[in-house]
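Student: Residues per chain are reported as follows:
There are 2 protein chains.
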Amino acid sequence: MLLPDIVKIREVAPRDGFQSLKVFLPTKKKLLIINAILDANIREIEATSFVSPSAIPQFKDAPELVAKLPRQSITYAALVPNLRGASDAIKAHIDRLVVVISATEAHNQENVRRSISESIADLDAIFALARAHETPVTGSVSVSFGCPYQGDVPQKDVYNLVNAYISRGATSVMLADTTGMATPNRVEHMVVYFQDKFPDINLILHFHNNRGTAMANLLAAIKVGANSFDTSLGGIGGCPYVPQAAGNLPTEDVVFMLEDMGIKTGINLESIIKAAHLLEKTLGYTLPGQVMKSGPRDPRLAAKIHNLS
Amino acid sequence: MLLPDIVKIREVAPRDGFQSLKVFLPTKKKLLIINAILDANIREIEATSFVSPSAIPQFKDAPELVAKLPRQSITYAALVPNLRGASDAIKAHIDRLVVVISATEAHNQENVRRSISESIADLDAIFALARAHETPVTGSVSVSFGCPYQGDVPQKDVYNLVNAYISRGATSVMLADTTGMATPNRVEHMVVYFQDKFPDINLILHFHNNRGTAMANLLAAIKVGANSFDTSLGGIGGCPYVPQAAGNLPTEDVVFMLEDMGIKTGINLESIIKAAHLLEKTLGYTLPGQVMKSGPRDPRLAAKIHNLS
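As they're listed, the protein sequences go chains D and W. Sequential numbering from 3 applies to the first sequence in the numbering used here. Sequential numbering from 3 applies to the second sequence in the numbering used here.
Looking at chain D on its own, in the form it has when it is part of the complex (with noise of 0.2 Å):
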């Protein structure tokens, strides 16, 4: 059995998690947030995007919030969805951009109203940008393992643009299971296909937990070797108007798994339980993670736990 020794957590819930929010989180919550994310030690938090504020309001404070961002020895990303996003995000001395493309046409369509040509057509000016500035950029697919719209989606669309990103000199590169629909073969088989074809990249695992099969793609991806995950504090994203909706894979939830597996993650789990707790008070709902409600598996702490919530 191959587990790696240490496997590299990336925090997307004040972007993923936040996006679906209906009502305006403000900047000093968000940053609370934030901070007590990075109480837990967490190295990099997707903090943003810079989207127009008319197709998703949830980020109109974009610059004003990377500009508060508490600077520590942290990785901030932000999510850039075409050229004008990029060169903001630049702007506002982000440390990385993630750029995202769609897999499929219709999603593409629904997620940025362009097709997926437009969307190419765009990254030799992002990644110029980029490297005037030495940003460092990740390449995300959208609906790597399945689309709504489609159903399955050929290997080949994904080699495409995973292949443009890093032509192009994309560091890092995200497969994205936007709507959950990933199962563990369709991971192992195409964490080993592009480890095999990019074994330099740093491959990003971004599973969405939509039919429960999150956290088992998670064990299959590491168990081929993947070493990188998106994680969401609490497991928000999704819709939150929805009960017990399927968001991110929970961050807490994951590190208490891996450290349980002796993987290590460098997060504290009772920080990162405390944050949790933050945001589920902030957001004033019950959020889908498991291991904020009953704690790790030490009685004393898991006691703690219980007293903390």
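For the record, the hints were derived by calculation from the structure and aren't laboratory data. All of these numbers come straight from a predicted model, not from anything done at the bench. A hint or two may mislead.
What the hints assert, rightly or not - Dumping the calculated DSBU-like pairs for lysine-lysine here, alpha-carbon to alpha-carbon at most 30 Å:
1) D:62 to D:93
2) D:283 to W:158
3) D:158 to W:266
4) W:10 to W:276
5) D:306 to W:24
6) W:283 to W:10
7) W:10 to W:62
8) D:24 to W:306
9) W:283 to W:306
10) D:24 to D:276
11) W:158 to D:266
12) D:266 to D:199
13) D:306 to D:266
14) W:266 to D:24
15) W:24 to W:62
16) D:266 to D:276
17) D:199 to D:30
18) D:93 to D:30
Unchecked claim - So the derived label-pair ranges between C-beta atoms look like this:
19) D:30 to W:29: 52 to 58 Å
20) D:305 to W:54: 25 to 31 Å
21) W:303 to D:56: 32 to 38 Å
22) D:154 to W:4: 22 to 28 Å
23) D:305 to W:126: 34 to 40 Å
24) W:25 to D:30: 40 to 46 Å
25) D:272 to W:194: 28 to 34 Å
26) D:288 to W:272: 25 to 31 Å
27) D:8 to W:198: 27 to 33 Å
28) W:29 to D:288: 29 to 35 Å
29) W:152 to D:197: 37 to 43 Å
30) W:138 to D:272: 43 to 49 Å
31) D:37 to W:117: 45 to 51 Å
Unchecked claim - Stretches of chain D that chain W covers, calculated by requiring three or more beta carbons in the stretch to come under 8 Å of a beta carbon on chain W:
32) 177–185
33) 220–226
Built from N, CA and C at the ideal position, the CB exists for glycine as well.
Here the structure of chain D is known, so what remains is to put chain W in place on it, guided by the hints.
Tutor: Coordinates of chain W only, in the frame set by chain D:
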């Protein structure tokens, strides 16, 4: 990679799920749910528990329910905590007994108000009675992977109970993660150990999702050859009044994942999702299951599910 071709699913919602309902669910409604489960072609159902009605009023209708179960080529099991329960279950013509003892003193006291040795002392009489009535017995070990009072559980304490069951003629043994403390390495270790010790025994795994690891645990188990699992319609179980409280593995999520991996369960996904929707309607609150919300991978089937719910 070693994967089973077929996985056996025991549906436990009518026992493990209904057990935690605070309001008595009328026998007629229980039978409607069980019938919906049967429509999905499930082959074994843990239908009820023969316990003192003062301890768990939900199961006061156990004899009446069992008498009214539709008799097809299906096995109905019942949980029995002691000789009295075993005797009542056999009188009711149940197909299989599930005897339960916890691997830790603290949990056994909390669960059945007896010491482990008091519980074991009942086993000879229970197995003799079962043998006399040609009723097979499954021996279940609660808190096999961790105890909320004690934390880690020594493997030898689990072994002692497994051995107590098998030496008395149990044809299957269940390792239960009663409060969701298992993680994949612990599961693999335990499965490999007991498969090696007792290669001819049907080893059933029963995972709760209190810490978000249940589906990963199932994957870990099948990867070392386990092929028999308890699951619960809609994921019910645990405390119904904690929103999004973790219950069992949702049957429909497990069926979705395994079938997508090419592993046969014999269960019809669309029908089991229908049954989960009936259960949700009957109970009147949102269930933890995810596939019942998102539907199958195929967009046409997913749309159909959305129209159903």
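Student: Would you mind marking each hint as holding or not holding in the structure?
Tutor: Hints versus structure:
no.: 1; hint: D:62 to D:93; in the structure: 15 Å, holds
no.: 2; hint: D:283 to W:158; in the structure: 42 Å, violated
no.: 3; hint: D:158 to W:266; in the structure: 28 Å, holds
no.: 4; hint: W:10 to W:276; in the structure: 20 Å, holds
no.: 5; hint: D:306 to W:24; in the structure: 27 Å, holds
no.: 6; hint: W:283 to W:10; in the structure: 27 Å, holds
no.: 7; hint: W:10 to W:62; in the structure: 29 Å, holds
no.: 8; hint: D:24 to W:306; in the structure: 27 Å, holds
no.: 9; hint: W:283 to W:306; in the structure: 18 Å, holds
no.: 10; hint: D:24 to D:276; in the structure: 24 Å, holds
no.: 11; hint: W:158 to D:266; in the structure: 28 Å, holds
no.: 12; hint: D:266 to D:199; in the structure: 27 Å, holds
no.: 13; hint: D:306 to D:266; in the structure: 23 Å, holds
no.: 14; hint: W:266 to D:24; in the structure: 41 Å, violated
no.: 15; hint: W:24 to W:62; in the structure: 13 Å, holds
no.: 16; hint: D:266 to D:276; in the structure: 19 Å, holds
no.: 17; hint: D:199 to D:30; in the structure: 43 Å, violated
no.: 18; hint: D:93 to D:30; in the structure: 21 Å, holds
no.: 19; hint: D:30 to W:29: 52 to 58 Å; in the structure: 55 Å, holds
no.: 20; hint: D:305 to W:54: 25 to 31 Å; in the structure: 30 Å, holds
no.: 21; hint: W:303 to D:56: 32 to 38 Å; in the structure: 35 Å, holds
no.: 22; hint: D:154 to W:4: 22 to 28 Å; in the structure: 26 Å, holds
no.: 23; hint: D:305 to W:126: 34 to 40 Å; in the structure: 38 Å, holds
no.: 24; hint: W:25 to D:30: 40 to 46 Å; in the structure: 43 Å, holds
no.: 25; hint: D:272 to W:194: 28 to 34 Å; in the structure: 32 Å, holds
no.: 26; hint: D:288 to W:272: 25 to 31 Å; in the structure: 29 Å, holds
no.: 27; hint: D:8 to W:198: 27 to 33 Å; in the structure: 31 Å, holds
no.: 28; hint: W:29 to D:288: 29 to 35 Å; in the structure: 32 Å, holds
no.: 29; hint: W:152 to D:197: 37 to 43 Å; in the structure: 41 Å, holds
no.: 30; hint: W:138 to D:272: 43 to 49 Å; in the structure: 45 Å, holds
no.: 31; hint: D:37 to W:117: 45 to 51 Å; in the structure: 49 Å, holds
no.: 32; hint: 177–185; in the structure: holds (count 4)
no.: 33; hint: 220–226; in the structure: holds (count 4)
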